[in-house]
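S.K.: Heads up: the protein sequence lines correspond to chains A and B, in order.
Everything in the first sequence is counted per numbering that gives the first Met the number 0, starting at 0 for the first residue and increasing by one.
Everything in the second sequence is counted per numbering that gives the first Met the number 0, starting at 0 for the first residue and increasing by one.
Where hints are given, some of them may not hold.
A few chain B residues that face chain A, going by a derived Cβ cut-off under 10 Å, partial list only [to be verified]:
| hint | residue |
| --- | --- |
| 1 | N73 |
| 2 | R102 |
| 3 | G122 |
| 4 | T127 |
| 5 | R200 |
| 6 | F211 |
| 7 | A215 |
| 8 | Q218 |
| 9 | E223 |
A few chain A positions that, by computed beta-carbon distances, are all more than 12 Å from chain B [claimed, not checked]:
| hint | residue |
| --- | --- |
| 10 | K77 |
| 11 | P88 |
| 12 | N91 |
| 13 | Q112 |
| 14 | Q116 |
| 15 | D136 |
| 16 | K175 |
| 17 | G192 |
Label pairs and their in silico Cβ distance ranges [said to hold, decoys possible]:
| hint | chain 1 | residue 1 | chain 2 | residue 2 | range |
| --- | --- | --- | --- | --- | --- |
| 18 | B | N65 | A | P102 | 26 to 34 Å |
| 19 | B | W137 | A | P68 | 26 to 34 Å |
| 20 | B | P29 | A | P68 | 48 to 56 Å |
| 21 | A | R161 | B | P169 | 40 to 48 Å |
| 22 | A | K224 | B | L97 | 47 to 55 Å |
| 23 | A | K224 | B | G27 | 22 to 30 Å |
| 24 | B | Q172 | A | P68 | 49 to 57 Å |
I should point out that these hints are in silico values taken from the structure, not numbers from a laboratory.
Just so it is clear, CB atoms sit at the ideal spot from N, CA and C, and this is done for glycine as well.
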Amino acid sequence: MTSLYKDAQGADMFQQSISQVTVRLSRLINTGLLVLAGLALPAYAAPQAPDAFMQQLSNELMEVVRKDPAVKSGDMQKLANLVDTRVLPNVNFQRITASAVGPAWRKATPEQQKRLQEEFKMLLVRSYAGALSQTKDNYTIVVKSFKGSAEDNEVVVRSEIRGGNEPIPLDYRLEKNADAPGGWMIYNFNILGVWLVDNYRTQFSQEINAKGVDGLIATLAERNKSNSRK
Amino acid sequence: MPRLTSTLRLCLAALLLALVGCASTSGGNPLDPFEATNRKIDAFNESVDQAVLKPVAKSYQDYTPNLLQTTVKNFFGNLRDVWSVVNNGLQLKPKETLETGARVVVNSTVGLYGLIDVGTHVGLQRYTADFGQTLGYWGMPAGPYVVIPLLGPSTARDTAALLVDRHGDPWGQINPVASRNQGIALRLVDKRAQFLGMDDRLNEVALDKYSFVRDAYLQKRRAEVRRGPPSDVDELEEK
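All chains, please: the whole structure from these sequences, using the hints.
M.R.: Okay, structure coming up:
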């Protein structure tokens with residue numbers, strides 16, 4: 000009887016530890032979003048292989064998430080700051096915006112392009128920052144070995160978030176960039192097979208078709224305003 | 000049997016509605032020829048969700064013990080794994096079949112009928128698979144995007160496959176029917192509770208929630224169908 004009781008208690012405790020491990024789908028997506036946010040890195044000397052580069056970035060991300068008190072506290076200002084200084088240097092945001100906007104990008108004035116980029120960045124950064132504060136300590140990111148040629152200027156690197164009960168696929172598109180801190184810049188990524196840029200193309204073209212580029216800028220600005228009020 | 004018929008009725012209703020809306024769209028996404036009707040069903044689903052399912056799921060999350068919630072999630076997850084094993088097998092994926100199969104074995108025994116997720120703890124990952132994915136794996140195209148009343152995003156292929164999925168659901172064999180239905184309701188609430196918080200984020204990042212969800216769903220399903228050893232390379236090449 001005693002041993003039964005112990006077992007039940009053990010099961011309880013075990014269950015609780017499992018429940019901490021439990022991943023909700025929303026968090027999965029959040030985590031995916033925030034992976035971009037973890038691309039903190041010091042300057043690397045020689046260009047690395049893309050998979051090694053992403054593994055290092057991912058590890059550093061998880062490190063920041065585990066240790067930075069700003070991440071845990073959910074302080075939006077600090078989180079946004081963190082994303083800004085540590086993530087964005089590794090992201091070609093102009094390319095992301097341009098390909099999400101599509102053909103209208105070329106016809107847009109430099110001023111419109113600048114505004115589009117700023118508003119889109121704000122929209123995404125806020126969402127990454129929110130996701131950052133919800134990451135679990137036991138997540139790890141496993142980058143799969145790179146199958147393409149290291150000579151390529153544009154590559155796909157695949158990885159998985161592990162630690163939940165189901166591995167979550169997370170892939171990146173990188174371009175070689177001598178000016179980037181790690182020699183590579185991210186210009187698209189997907190979580191669960193959903194590419195960020197591709198998913199925004201319809202969003203943006205719907206707005207542009209209905210209200211033009213300025214209409215899209217206004218919509219984005221308005222959305223950012225209402226998001227920051229929450 | 001009554002459950003099958005009601006599902007069937009639901010699907011037929013969805014298809015009929017979809018066909019009615021057929022003529023009303025132009026210039027939209029070619030994968031979504033029934034957009035006008037889909038949007039209406041989506042709005043209906045949304046209002047049902049806001050009025051009933053979401054509040055119930057919220058109370059479930061807030062007022063039942065975490066331990067209970069985890070146990071419920073583990074139990075239904077384990078049942079679902081059984082069907083995933085079958086479908087991973089049908090897709091000739093040895094790693095996914097064996098690992099998910101090992102999970103079922105461990106969780107059903109050491110994990111007390113699936114109540115405790117021992118599998119995850121010892122590093123056995125779940126690879127979810129359903130019959131729509133199996134059909135896609137063997138080459139059946141997804142067909143048009145369909146929003147099913149009460150169930151949400153799907154495609155013509157996946158809607159048809161749901162009938163088979165229902166058959167492969169071990170909980171569907173439970174008798175009496177009353178207990179079975181209670182379980183189904185609980186499973187639905189548990190599932191919805193896992194998505195709480197996601198609509199807030201969606202409302203933040205999507206300019207048009209309907210098309211955002213649609214495009215994400217279609218991309219995700221394509222990736223799920225393509226994923227796995229034989230098609231790994233194609234996926235890299237494609238974009």
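S.K.: Against each hint, give a clear statement of whether it holds in the structure.
M.R.: Evaluated hints:
Taken as an interface hint, N73(B) checks out: its beta carbon lies about 8 Å from the nearest beta carbon of chain A, inside 10 Å. A hinted interface residue such as R102(B) counts as satisfied when its beta carbon comes closer than 10 Å to some beta carbon of chain A; here the least separation is about 8 Å, so the hint holds. Residue-level restraint check for G122(B) holds (minimum Cβ-Cβ distance to chain A is 9 Å; threshold 10 Å). Checking T127(B) against chain A: minimum C-beta separation of about 6 Å stays under 10 Å; hint holds.
About 7 Å separates the beta-carbon of R200(B) from the nearest beta-carbon of chain A, less than 10 Å, and the hint is met. The closest approach between the C-beta of F211(B) and any C-beta of chain A is roughly 6 Å, which is under the 10 Å cut-off, so the hint is satisfied. For A215(B), the shortest C-beta to C-beta distance to chain A is roughly 5 Å, which falls under 10 Å, so the interface hint holds. Annotation: interface hint on Q218(B) holds; nearest CB of chain A at approximately 5 Å, less than 10 Å.
A hinted interface residue such as E223(B) counts as satisfied when its beta carbon comes closer than 10 Å to some beta carbon of chain A; here the least separation is about 6 Å, so the hint holds. A cut-off of 12 Å between C-beta atoms confirms that K77(A) is not in contact with chain B; the least separation is 19 Å. With a least beta-carbon separation of about 23 Å from chain B, P88(A) lies farther than 12 Å from that chain, consistent with its non-interface assignment. Distance check on N91(A): its Cβ is at least 16 Å (rounded) from any Cβ of chain B, clearing the 12 Å threshold; non-interface status holds.
Every C-beta of chain B lies more than 12 Å from that of Q112(A), the closest at about 18 Å, which supports listing it as non-interface. The Cβ of Q116(A) sits about 16 Å from the closest Cβ of chain B, beyond the 12 Å cut-off, so the non-interface label holds. The non-interface label for D136(A) is consistent with chain B: the shortest C-beta to C-beta separation is roughly 15 Å, beyond 12 Å. The beta carbon of K175(A) is kept farther than 12 Å from every beta carbon of chain B, the shortest such distance being approximately 17 Å.
In this structure G192(A) is not separated from chain B by more than 12 Å, as the shortest Cβ-Cβ distance comes to only about 2 Å. N65(B) and P102(A) have their C-beta atoms about 50 Å apart, which leaves the hinted 26 to 34 Å range violated. One distance hint, 26 to 34 Å for the beta-carbon pair W137(B) and P68(A), is violated here, with the actual separation near 51 Å. At about 49 Å, the CB distance of P29(B) to P68(A) agrees with the hint of 48 to 56 Å.
As the Cβ distance of R161(A) to P169(B) is approximately 27 Å, the hint placing it in 40 to 48 Å is violated. A C-beta distance of roughly 51 Å is found between K224(A) and L97(B), which places it inside the suggested range of 47 to 55 Å. Remark: the range hint 22 to 30 Å for K224(A) to G27(B) is upheld by a beta-carbon distance near 29 Å. Separated by about 51 Å at the C-beta atoms, Q172(B) and P68(A) satisfy the suggested range of 49 to 57 Å.
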